[in-house]
Amino acid sequence: MSAAAAYALGISRAAIHTGVITRRNLLANLRLPDVLILSTIQPVVFMLMFLYVFGGAIQTALPPAAHGQYINWLIPGILAQSAVFGSAPAAYGLHNDRTNGILDRFRSLPMARSAALTGRTLADLIRNTAILGLQLAVGITLGFRWHNGLTGLLSALGVALIFGFACSWLMAYLGLAVRNSEAIQAAIYMVVFPMTLTSSVFLPTQTMPGWLQAFAEHQPVTAAANALRGLTLGQGALPAGHTVTADALLAIAWAAGICAVFAPLAVRELRRGLD
Amino acid sequence: MNDPAIAVDGLTKQFRGGTRALDGLSLRVSRGGIYALLGPNGAGKTTLIRILATLLRPDGGTALVAGHDVVAEAGRVRQLIGLAGQFAAVDDHLTGRENITMIGRLYGLTRRAATSRAAEILTRIGLDTAADRQVKTYSGGMRRRIDLAASLIGRPQVLFLDEPTTGVDPASRHDLWSLVRDLAADGTTVLLTTQYLDEADQLADRIAVIDHGRLLTEGTATELKDRTGAAVVELDLPPHQLDAAMTALQPLAPRRDRDRILLPAPDGPLTLRHAMGLLDQADLTPTDIALHGPTLDDVFLALTRHNTSRSARSTA
Ligand SMILES: Nc1ncnc2c1ncn2[C@@H]1O[C@H](COP(=O)(O)OP(=O)(O)OP(=O)(O)O)[C@@H](O)[C@H]1O
Ligand SMILES: [Mg+2]
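Heads up: the protein sequence lines correspond to chains A and B, in order.
FYI, the numbering for the first sequence is 0 to 274, going by numbering that gives the first Met the number 0.
FYI, the numbering for the second sequence is 0 to 315, going by numbering that gives the first Met the number 0.
Keep in mind that the hints are not guaranteed to be accurate.
Residues from chain A that face chain B, not an exhaustive set, calculated with beta carbons under 10 Å [to be verified]:
#1 G18
#2 R104
#3 R267
Hints in this document: simulated from the structure, not taken from any laboratory.
For each residue, glycine too, the CB sits at the ideal point set by N, CA and C.
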């Protein structure tokens, strides 16, 4: 067999194994109806909560592109937040797979090593697609209107999913690196809450104190939220000096960067069982 | 092929934190048949299995499985082995059938091949009626069986079973034993670990006794028993007669074990007759008499006790 043919065979084998494990992870989701329902409802409840708690207070701080409606500002932000939250199952899932010996079983099989991880992150991507879709549908029912065409809306959804997929790799790393079952939830929260709360997800960053503003303006969740806002509401929704294209590219660059750092780290953690 | 199924040479493994789990272990398991690793808790059984199954890298020494080095040719080794670890590694949310079909796909079987092979194995392990229930509804014994099934779907040449019958009721235990015998009869080499002497005695063609990561002895069950010594006569007497009996039996080197007297019986029944004669003369009557060959328990306790006291002395 030539090197190229062997390589192609390796790729197709990895693809098949990834498919098998993705299916397994999705099935596990469907087989836990209570978890499925709660994890679907939770983002919608969060959205309603923020909509009605913050909605009245900050009408005045909104850019004109929000057309005076907090919901128009909130929905793109909340989609970015849900993309981040929706990556947490990768951490729990891989942690459980390790403690239940399933990762060891996978590692004893003649399978593509990476499939245990890609099967996990892909399953979460599919799950996230359904959750963000639902959230958007509820948002539209409650009065969210996009002002940048259907292409803008779909691109926004795409960017949110890409960003969430990148976060799944970070979570995969966390799930494998933190060995203690009690610590794992704390580790997830320590990433997810500070990153979403100190971003432009809920409020424009100008409302924050100066020192926090500097961080908030430059962190990845803000980049994602800005990109989604630009793509759904147009340039008018963005801080001065930002353009829709540049913000979308910045969010994708963050996603690529997060993958580039955490995918190899996660693979290394997967191998670490060896010592 | 005449090369051994498993060849382990001078294997060492020291965990961080200082535990020396394997300490220069060497063994050879020939192809076909059942080989038991017997040892107390912490002896290093799981560590050895994990190294052989490519899950753990040894610090020193070499290990070959089916002629392939477990470190340098790990990928090749994985194609040839099946592993059922000490704790069942199955997916609770999937059905039994889904679990093993998935593992079959990961071994490289096509969907169709994995499905039909799964059905065949489920019948073989007697789980066909429960096959379409989620594993979380299974009993402990059923979980072990489905875990074993998962390790069989790739038709392994060498099968590793780490304490396959721990926590399994006696009836299921016998079922598992006969399944393991069938597998061996089909040509699979089975390496299993156990803490149960009767399991090793019943099942294994050869037995290695290990403790503190070292090989204490190796051979067939009969060889191990022979090495420990001859048969024993056991005599039970009323408590007030014990001292008198010890005196009467002096020519036969008696040993007290609480309310019982043990005599080495190199001549078997003749020793027994001799003992009865001596007791008769002293007007003593045993309440129970037994003559038996040494059990694996004797072997095991003799060896591991000796080993423990030696290592206790060396660290003192
Ligand atoms: N990951 C680990 N880190 C540190 N020490 C370990 C690790 N795994 C095993 N050990 C130690 O290595 C030694 C051998 O352990 P091993 O699990 O191989 O024993 P075992 O014979 O399988 O015992 P058991 O019958 O209890 O399953 C023990 O002292 C154990 O504490
Ligand atoms: Mg063990």
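Verification of the supplied hints:
1. G18: 9 Å, holds
2. R104: 4 Å, holds
3. R267: Cβ of R267 (chain A) sits 14 Å from chain B, so the hint is violated.
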